[in-house]
Amino acid sequence: MLTYTAKRLAMAIPTLLIVITVSFFLMRVAPGGPFDGERQLPPEIEHNLQAAYHLDEPLPMQYLRYMGNLLQGDFGPSFKYKDFSVTQLILQGFPVSLELGGLAIGLALIIGLPLGVIAALRRNSTVDYMVMGVALGGIAVPNFVIAPILALVFGVLLAWLPAGGWNGGALPNLVLPVIALAIQQIAYIARMMRASMIEILGSHFIRTARAKGLSERQVIWRHALRPAMLPVISYLGPAIAGIITGSVVIEQIFGLPGIGRYFVQGALNRDYTLVMGTVVFYGVLIVLMNLVVDLLYSALDPQIRYDD
Amino acid sequence: MQNNKPLFDMNRIARLRAMPTGKMPSKALLIGSLLLSTAVQATTLRIDNEGEPGSLDPQQSNNLWDSRIQRELFDRLVDYSAEGELVPGLAERWEVSDDGLTWTFHLRDAQWSDGQPITADDAVYSLRRLLSPAMANQNANLYYPIVNARAINTGKLAPEQLGVKELDAHTLQIRLEQPTPWFLQTMAMSEAAPLPRHYIEANTQWINPGETVVSGPFRLAEWASQSKVVLQKNPRFYAADDVAIDRAVFYPIDNSGAALRRFRAGDLDISYSSVPSTRFDWVREHLGKSLRSGPLNAEYFYMFNLRHDSPLADKRVREALNLAVRRNVITGQILGMGQQPSYWLVPHATAGDVRSRMAFADMPMEERMARAQKLMQQAGYGPDHPLSLTLRYNTSEDHKKIAIAIAAMWKPLGVQVKMVNSEAAVHYASIQQGDFQVARYGMVATVNDPFDFLGSYASGGSAARSSGYHSDRYDELIEQGNRTLEPQQRAEVLGQAQQLLLDDYALLPIYDYVTHHLVSPQVRGWQSNAMDIHPLRWVSLAPES
Chain A
1 MLTYTAKRLA
11 MAIPTLLIVI
21 TVSFFLMRVA
31 PGGPFDGERQ
41 LPPEIEHNLQ
51 AAYHLDEPLP
61 MQYLRYMGNL
71 LQGDFGPSFK
81 YKDFSVTQLI
91 LQGFPVSLEL
101 GGLAIGLALI
111 IGLPLGVIAA
121 LRRNSTVDYM
131 VMGVALGGIA
141 VPNFVIAPIL
151 ALVFGVLLAW
161 LPAGGWNGGA
171 LPNLVLPVIA
181 LAIQQIAYIA
191 RMMRASMIEI
201 LGSHFIRTAR
211 AKGLSERQVI
221 WRHALRPAML
231 PVISYLGPAI
241 AGIITGSVVI
251 EQIFGLPGIG
261 RYFVQGALNR
271 DYTLVMGTVV
281 FYGVLIVLMN
291 LVVDLLYSAL
301 DPQIRYDD
Chain B
1 MQNNKPLFDM
11 NRIARLRAMP
21 TGKMPSKALL
31 IGSLLLSTAV
41 QATTLRIDNE
51 GEPGSLDPQQ
61 SNNLWDSRIQ
71 RELFDRLVDY
81 SAEGELVPGL
91 AERWEVSDDG
101 LTWTFHLRDA
111 QWSDGQPITA
121 DDAVYSLRRL
131 LSPAMANQNA
141 NLYYPIVNAR
151 AINTGKLAPE
161 QLGVKELDAH
171 TLQIRLEQPT
181 PWFLQTMAMS
191 EAAPLPRHYI
201 EANTQWINPG
211 ETVVSGPFRL
221 AEWASQSKVV
231 LQKNPRFYAA
241 DDVAIDRAVF
251 YPIDNSGAAL
261 RRFRAGDLDI
271 SYSSVPSTRF
281 DWVREHLGKS
291 LRSGPLNAEY
301 FYMFNLRHDS
311 PLADKRVREA
321 LNLAVRRNVI
331 TGQILGMGQQ
341 PSYWLVPHAT
351 AGDVRSRMAF
361 ADMPMEERMA
371 RAQKLMQQAG
381 YGPDHPLSLT
391 LRYNTSEDHK
401 KIAIAIAAMW
411 KPLGVQVKMV
421 NSEAAVHYAS
431 IQQGDFQVAR
441 YGMVATVNDP
451 FDFLGSYASG
461 GSAARSSGYH
471 SDRYDELIEQ
481 GNRTLEPQQR
491 AEVLGQAQQL
501 LLDDYALLPI
511 YDYVTHHLVS
521 PQVRGWQSNA
531 MDIHPLRWVS
541 LAPES
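So the protein sequences, as listed, match chains A and B. Per this note's numbering, the very first residue in the first sequence carries number 1; after that it's consecutive. Per this note's numbering, the very first residue in the second sequence carries number 1; after that it's consecutive.
If we strip away everything but chain A, and leave its shape as in the complex, we get (with noise of 0.2 Å):
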């Protein structure tokens, strides 16, 4: 298990090169650069500025100087905020985007899976339908409709939670957005988790383990269950790295200061530096996330053996 942990690394640092370099040449040739605004500057302000990020340089060479400070550990400093380094900026938000994240997949799954489960053992009844029609409904309405409606309903006209902000993370600040980021991944874990229940139910371990007399409860607990759930499982990965990346909506509409925030105003305003720190970020990220899942994956299903 080690020796492929150690495997899987390595192979990341290539991976991650490559998206480096091509995001670092890509960034610089969209139109528009960072200082590009309504107020146009005259060019004695123009070079001073691009004397101060280095920008005056040729592009290999900023390429190289860029390269030189990642492997220090140094991302730079922001273009836009400049009271911050990016490695600073990252630090704040990632926290934040985490903990909402992580909390949007704890309900997605705690509601998600049941659901699931439920319209699998009620194949085509009405229970069946009604989970998958919700399930239909959570999947078709973008999380950037839900948000508002759901500000504006709890937030203002009821008043019951506030309508934005981050507070310091104080739970009621956290319950619409976990809520508005959980819906979509609700509906996609109970369709996943259906759809592979009722395939584990019809295959043939589980016909001998009914044929063994065993009640149908302890036939879906102890057999059914755990096959049924690697698929979802094995969503996971791109599940988390998604909702911690896709916040960025969520982070928007109720103000909040996750690192999605920084990658949108980074690629608006050309904050070079930014948007380079986040792809980075992100990149790891989610090279960490399908190792581990894909570690998860042997615990759970006994054939799968990383170290063969």
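A hint or two may mislead.
Stated by the list, open to error - Covered stretches of chain B, as calculated for chain A (at least 3 residues, CB under 8 Å): (1) 253–259; (2) 264–271; (3) 286–295; (4) 440–454.
As the list claims (entries may be wrong) - Some residues of chain B that are not near chain A, with every Cβ distance over 12 Å (derived): (5) Arg46; (6) Asp48; (7) Glu52; (8) Arg150; (9) Trp206; (10) Ser227; (11) Arg236; (12) Phe280; (13) Ser310; (14) Pro341; (15) Ala370; (16) Gly382; (17) Lys411; (18) Gln432; (19) Ser471.
Hints are computed from structural coordinates only; laboratory data are not their basis. Nothing here was measured: the structure is a model prediction, and the numbers come from that model. Ideal placement from N, C-alpha and C gives every residue a C-beta, glycine not left out.
Starting from the structure of chain A, add chain B where the hints point.
Chain B in isolation, oriented as in the chain A frame:
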């Protein structure tokens, strides 16, 4: 000048607090606790500041939302009143020599938040720092009138050679290369704030919550990036007794819909995010008491590319395009938020009384269209030879609606419009490179002076560089206006300059901007003004009547 006294007697509250509860009558206890809770809430002001500050170092940024906070932390020699007028700040008075070249500022007795005196040396240090090339300040060019400033900012001279001098601890002298009527305005900008030399030289990273040494009415207590900036009253501010707000929290809400929801939910006292145009009627109807509207020193116009290879190099075409645009339809029916139709470049909210306008402004629309069609024919365009134009605008529903409307207004002239939408960075980069034919543009004043707008079309100005406009006569008039100190004479000269620009149809003005902010009726002392500057020093909170 307005004086706001604290609304609550904190000593009385402290006495109530100190009284043993056993001895306090129950009614008094109830009143006391009510008073306490109101006092705590009443002196905290919650503000939607639109965006996350790029920096709180006054010389490191140029955003409106940066300077809103910086102004509270660092006072300038010249300050703004609630009405947006210049008033004494750290300088209690100043004088200018008859030739307009030497400004002398007399600093009042004031202290940094750590107790050190604020001296003219701090002001000298600050201006030298502002103009050093390494600081890469984006507004440094506004200070080029100071002797040697341009040479210093371009690295040709050392900052020590800047024409600023400490005459004594309380007297600062600034020498200019030429008389500059708007110079005092620049001294009220956040960039020009004296900075604590002793603290900055000892700390490379000097903007640290809880530690930063400041001169303004508030100290920096907390900064949770992308979440909030918390300011606490600075007891060492020279007019601390007049400051009624104990604590101000700035939230970076960069989504106007979210800001409106949070204001409605009662989470905010002031919202600087503009009210979404789609919700404006609703806001006016339901939040009328909170809606504060007023003119702004800013102009919305379409920039023409006048270079030789452009069809817009022909003045007849530019005039025809101007004639065909029904500005009142755009402001009244498309936007409907109180914007003023414009036939000029300098907004009417700008000081200086420059009031020239396009010649056809009062002409009936039928006559305008007839003339426009004739001009297009003369320029060689018509049904058989339509004019194809590319119109660029940056992403925004309102910009899009205006572009569609203008394209429709131009259609009777045989103009076929191809619309190009792009995000702001791409849009402005294209304009700067001259890669456009007609482009949506917005100009917001940095100083309250007509030169801020008109100077951009003079040689070397940003609009002149982008559009290719050049007129020797215009340059002369701007230069003359920039040196003229007598206000009436200056207004005449700049008025002539603007008339020349408008007679050349160098641009297509559309409207003067307005501001729409949401301000709780509990907020007192807050006033709409053309510079959209609202120092918290003049603001207080009172229970809603």
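Okay, the hints, checked on the actual structure:
By the rule of at least three residues with a Cβ nearer than 8 Å to a Cβ of chain A, the coverage given for the stretch 253–259 of chain B holds, with 5 such residues. Coverage of the stretch 264–271 of chain B by chain A holds. Counting CB-CB distances below 8 Å, 4 residues qualify, and the rule asks for three or more. Coverage of the stretch 286–295 of chain B by chain A is violated [criterion: at least 3 residues with CB-CB distance below 8 Å; count 0]. Counting residues of the stretch 440–454 of chain B whose C-beta lies closer than 8 Å to any C-beta of chain A gives 5; at least three are required, and the coverage claim holds.
A Cβ of chain A approaches the Cβ of Arg46/B within 12 Å, the least distance being about 10 Å, so the stated non-interface status is violated. With a least CB separation of 9 Å from chain A, Asp48/B falls inside the 12 Å interface cut-off, contrary to its annotation. Not every CB of chain A lies more than 12 Å from the CB of Glu52/B, the least distance being 7 Å, so the non-interface label is violated. Not every C-beta of chain A lies more than 12 Å from that of Arg150/B, the closest at about 7 Å, which undercuts listing it as non-interface.
Trp206/B, annotated as away from the interface, has a beta carbon of chain A within 12 Å; the closest lies near 9 Å. Its beta-carbon lying about 4 Å from the closest one in chain A, Ser227/B breaks the requirement of being farther than 12 Å from that chain. No Cβ of chain A approaches the Cβ of Arg236/B within 12 Å, the least distance being about 23 Å, so the stated non-interface status holds. Annotated as non-interface, Phe280/B keeps its C-beta farther than 12 Å from every C-beta of chain A; the closest such distance is 17 Å.
Even its closest Cβ contact with chain A, about 19 Å, leaves Ser310/B beyond 12 Å, as expected for a residue assigned away from the interface. For Pro341/B, the requirement that its beta carbon stay farther than 12 Å from each beta carbon of chain A is met, with the minimum near 21 Å. No Cβ of chain A approaches the Cβ of Ala370/B within 12 Å, the least distance being about 36 Å, so the stated non-interface status holds. Under the 12 Å C-beta cut-off, the non-interface status given to Gly382/B relative to chain A holds; the minimum distance is some 35 Å.
Every CB of chain A is more than 12 Å from the CB of Lys411/B (nearest about 29 Å), matching its label as outside the interface. Once the 12 Å rule is applied to beta carbons, Gln432/B is inconsistent with being away from chain A; the minimum gap is 6 Å. The beta carbon of Ser471/B sits about 19 Å from the closest Cβ of chain A, which is more than 12 Å, so the claim that it is off the interface holds.
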